[in-house]
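Chains as they are written, first to last, in this note's numbering: chain A, 1 to 463; chain B, 1 to 463.
I should point out that these hints are in silico values taken from the structure, not numbers from a laboratory.
Warning: the hint list may mix true and false statements.
Any copy, or any two copies together, can satisfy a pair, since identical chains are not distinguished.
Below 30 Å or equal to it, Euclidean Cα-Cα: the simulated DSS-like pairs (lysine-lysine) are [as the list claims (entries may be wrong)]: (1) Lys37 with Lys193; (2) Lys60 with Lys413; (3) Lys216 with Lys37; (4) Lys193 with Lys413; (5) Lys365 with Lys216; (6) Lys446 with Lys413.
There are 2 protein chains.
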Amino acid sequence: MSLDAVLAKIDEALPDATARLLDLLRIPSISTDPAFKADCDRAADWLVDDLISLGFDASKRPTPGHPMVVAHYNPDGATGPHLLFYGHYDVQPVDPLNLWDRDPFDPQIEDTPAGRVIRGRGASDDKGQLMTFLEACRAWKAKHGTLPCRLTIFLEGEEESGSPSLIPFMEENADELRADVALICDTGLFESKTPAIVTMLRGLLGEELTIHGPSKDLHSGMYGGVARNPIRVLSRIIAGLHDENGRITVPGFYDGVPELSDEMRAQWQGLAFDHARFLGDVGLSVPAGEVDRTPLEMIWSRPTCEVNGIWGGYTGDGFKTVLPAEAHAKISFRLVGRQDPFAIRAAFRAYVQANLPADCTVEFKGHGNSPAGQMSVSHPAFEASRAALTDEWGVAAAYVGCGGSIPIAGYFKTYLDMDAMLIGFGKDDDQIHSPNEKYDLESFHKGIRSWARILDRLTKQAK
Amino acid sequence: MSLDAVLAKIDEALPDATARLLDLLRIPSISTDPAFKADCDRAADWLVDDLISLGFDASKRPTPGHPMVVAHYNPDGATGPHLLFYGHYDVQPVDPLNLWDRDPFDPQIEDTPAGRVIRGRGASDDKGQLMTFLEACRAWKAKHGTLPCRLTIFLEGEEESGSPSLIPFMEENADELRADVALICDTGLFESKTPAIVTMLRGLLGEELTIHGPSKDLHSGMYGGVARNPIRVLSRIIAGLHDENGRITVPGFYDGVPELSDEMRAQWQGLAFDHARFLGDVGLSVPAGEVDRTPLEMIWSRPTCEVNGIWGGYTGDGFKTVLPAEAHAKISFRLVGRQDPFAIRAAFRAYVQANLPADCTVEFKGHGNSPAGQMSVSHPAFEASRAALTDEWGVAAAYVGCGGSIPIAGYFKTYLDMDAMLIGFGKDDDQIHSPNEKYDLESFHKGIRSWARILDRLTKQAK
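Starting from the given sequences, assemble the full structure and let the hints guide the process.
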């Protein structure tokens, strides 16, 4: 049976595959908000059922948080590599809800000037992406009656909330999870058109801080001017985190940040990244980061410090002349090279403490941390997959960096001694983590076809 | 009939007076939040009914916002001054609700180590205070069968939301409202023990601003470092509003700020203000304002700029690596002397515009403004009232400044050509505008007695 027959089956079955994805997208599996715990569980059940229908030995596995889904396919006499596929079934929160053009959990196919899209929370990150692999397996099985090689599917439900159960679960189940190579589908095409394998990933450190000042909320008429205002203290601390050149001022922050190699710099220049379009797509025109770095460097190979949330005092309608007792912020750092998340957490906290005026105290809450990752591309699966992607998309696939933090890739190396390939089909305008998230129908369709081609190349390579 | 009989009646009827106040406090008349519109209306009705029971010709008067309550008592052949009494029946919002020890609108008498208190939103600001005058009238009428002089009662329902209807209403009803002198009960004792008449009031300017950056919320992994973050922009603008010496940096801000006269400075020094206790009561120890000013100056005679609220990005449980499209703040200025609120609004907005980086825009919303006020103490009612207060409290009453903004005093002068006396019985620890607001039962009781003494002195003076 030829690859062409599988690809034809994928084309023919696309409406059914899309309907299945819409079904999964209807489950509001927001992992960070405890109110959606039962929905996360329901998404896991849905996937277990689907994997069983594909012939996997699949089960929902409890953790102290949301469950894992683990599935095995291990036919007698299978040849070829043992592949592990990773994705996550949890999604980001949906606020601000008023900026959505539709209910985020009532997904729909929409025709847009740029083509058909699947609209809804999780369409791109990561339900649409993980289903590309499952649909490729389904088409393969429909034509061959079997899957091409030994497969393990490993789906997580806490990726959007810092993956607290992931490492313990990998450690406890290392023998069961270990395979020859991991496939991770949670990244995008380069510039929305060039297929890419990510080999460089930024790490992440999340911190939440609360500045305490007066022992209670005060009247700004009675105390304004003479009492310390925690919002002003917090604003000054945030303002001081960057200098005039956009560099982060936390002492020791740049320890372990490597300079880009000339080779990699040349390769990235060859990608002809259109930063005007990248910024223009989101209503911006001027890069805001370090003045002496290119936008692609800022995103892929430079560390950052961003404020993801701030709140304090009266934030409702109208006005209240309150001088609040406390103010809060959520701050995250993207890390590169050998930056140590624990050292940076300590340095950041020391910086804040050193900048607190009299009568103020600070409380910290850590929100997960992961070092940056650097893939080795020496495993032959990398070049085979790159060729398969090039076949499907008609454009030479690239090894690229990724601004986001996908710690799972590093964990496969650390805890299971496996190389991981990050291959995904998201586009820059998918609005993941934002209102009106979508996944192009083309990404979904050609994503499924890409995996069929990759499975074909990897199993042929083994023969 | 002697004053003593009226005072004895007040003492005897205190439980009934307290029960009436608790009844009024149960109405959640939060004027700034449209959800409580019907409750504001209900509070006005309650007061109209009570005033009618005291023999007033009372009515609820519509405005584009919440209604005014106006009541007249004009007996045939009345001698003595025509007095106008002003108070407000609306209250502040109650958030953060979790910091209240009881439902803010289920008020109760509580025994505390410092004495009995009436606990609930509005107990001190301003329902408890306005009821001191009505209860003094009630006792007077019980003993004399009539009230002592011609009286107008004028109660507002928008004081906590910038009084948008007040000036138009005063202008339209100037002839009806004009009296010889105004009595305003919305201030406190000096240092919780010395009766005081406020002669110096700070003005207020409220501004809300929204900084817009990217056209939508972004993923901080994909855009962090390269895209402009509105929270960081806002923090930098707020941090820049004060210099290292605590002075406000808005150009021209100090135009019209007078230096304290030697005479007033000497009088204030005589008050022996205990700033360690003032700050210590709210968990602070070091004055935070201009380094070269005393705390009493900071509160009474220096202008301020405070942030009353800030919000942007993800503020819920857990963490979301969002780079938000916008960030917001509510900022207020307390004004003194001849500072012009309109000039300062323009200068503040220009300052913000001048500090916006590329790709950012700002939207402003004005939240009311009033210039500072300076009472003339030449009207003989001032000295008569000061003597009455000294009689009741056994401590020489003082002319003082007030950090808060009670624009009504200036409006009586501007629109009705009346002098106004600000006399109130609140204490520093009443927690007005904060959780667990209270009014001491002593403030309520001696407040009622104070008004009876003032009415007695003012009517005797006229004979």
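For each hint, the structure was consulted:
1. Lys37 with Lys193: Result: close neither inside a copy nor across copies, 36 Å intra and 55 Å inter.
2. Lys60 with Lys413: within (24 Å within a copy, 75 Å between copies)
3. Lys216 with Lys37: Between copies only: 28 Å across, 34 Å inside.
4. Lys193 with Lys413: Answer is within; shortest intra-copy Cα gap is 29 Å, inter-copy 71 Å.
5. Lys365 with Lys216: both (21 Å within a copy, 27 Å between copies)
6. Lys446 with Lys413: within (28 Å within a copy, 76 Å between copies)
In summary, the structure is inconsistent with hint 1 from the numbered list given earlier, while agreeing with all the others.
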